[in-house]
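Take the sequence shown: its letters are residues 78 to 307, numbered as in my numbering.
Take these hints with a grain of salt, some might be off.
To be verified - Pair by pair, the computed Cβ-Cβ distance ranges are:
1) L106 to N247: 21 to 29 Å
2) Q268 to Q151: 23 to 31 Å
3) Y307 to L263: 32 to 40 Å
4) N180 to Q151: 36 to 44 Å
5) N247 to E130: 37 to 45 Å
Stated by the list, open to error - 27 Å max Cα-Cα, derived DSSO-like pairs, lysine-lysine:
6) K291 to K302
7) K103 to K302
8) K160 to K170
9) K170 to K291
10) K241 to K292
11) K170 to K187
Hint data in this document are derived by calculation from the structure and do not stem from the laboratory. Every residue, glycine too, gets a C-beta built ideally from N, C-alpha and C.
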Amino acid sequence: MTNCNSTPTQTQSPEEDRVQTVITEKGSLILENLQNYQLDSTDLNILFVAYKELDRLDLFAKSTSQENYRLIQQYPICARSGKLGPKKAEGDKQVPEGFYTINRFNPKSKFYLSLGLNYPNAFDLAHNYTGSDIFIHGKCETVGCLPMTDDLMKEIYLYALWAKDSGQQNIPVYIFPFEMTEENMLIYKPQVNDDTFSFWQNIQQGYQLFQESKKEVTFEVIDRKYHFAY
């Protein structure tokens, strides 16, 4: 197995309506949490930030008219494969690092429910990185994805579904090796080669921008680097 391909297995019933199950089981809980932040399921934008070393996925949210996101939930990532550093090749078991969006919803995944990322993105393509089928998904096994367990994935999927239904076409997912403070950069620098550390310095700019503004990061890929709009 070289990716987290989430094509349904033949044993799954095509009539199985997992989304309705999720709404029944988790809808009230999520609505209550949104109300705690004066947010509504029909007027919702979300953004995810994952930290590989912390095994944590942060969920930020805002209304469609607001500019600044607020942290509303933190989820433990159930398992991890690979090491710190970017994904470069199909089958390397690495979790990507960088700035992505959710580009597909799979309600009949063999990992229960899954949200697909647009890996490889423009940065990855500029570096000729290969691979595919990177997902946030259920269960607790992985070869380069973000497994959240079935129970937590129900919540994550429903937040994303309601954001999509609110008109959010591109839900951001930022994946960092760790919280990219200057202190942590010095701590982790000896663990990687110069190319990886240079890449980290590049994505640290986006990390810092989001930490300061809590706004979605705007960027272009120029000369094989992220260039962020300040």
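Under the criterion that the straight-line Cα-Cα distance not exceed 27 Å, is the pair K170, K291 satisfied?
violated, 30 Å
Given the range 37 to 45 Å, decide if the beta-carbon distance of N247 to E130 lies inside it.
Given a distance of about 26 Å, which is not inside 37 to 45 Å, the answer is violated.
K160 and K170: Cα distance at most 27 Å?
Roughly 9 Å separates the two Cα atoms, so the pair holds.
Do the Cβ positions of Q268 and Q151 conform to the proposed distance bound of 23 to 31 Å?
holds, 25 Å
Tell me if the beta carbons of L106 and N247 are separated by a distance inside 21 to 29 Å.
Holds: the Cβ-Cβ distance is about 26 Å, inside 21 to 29 Å.
Is the Cα-Cα distance between K103 and K302 27 Å or less?
Given pair K103, K302 is violated - Cα atoms ~40 Å apart, limit 27 Å.
Please work out if K291 and K302 have their alpha carbons no farther apart than 27 Å.
holds, 22 Å
The hint says 32 to 40 Å between Y307 and L263; measuring C-beta to C-beta, is that right?
At 24 Å between Cβs, range violated.
What's the verdict on K241 and K292, does the C-alpha distance respect the 27 Å limit or exceed it?
holds, 18 Å
Check the hint pairing K170 with K187 against an upper bound of 27 Å on the C-alpha distance.
Between K170 and K187 the Cα gap is close to 18 Å, so the pair holds against 27 Å.
Given a hint of 36 to 44 Å, does the C-beta separation of N180 and Q151 actually sit inside it?
Violated, since N180 and Q151 (Cβ atoms, about 24 Å apart) do not stay within the stated range.
When each numbered hint is compared with the structure, violations occur for hints 3, 4, 5, 7 and 9.
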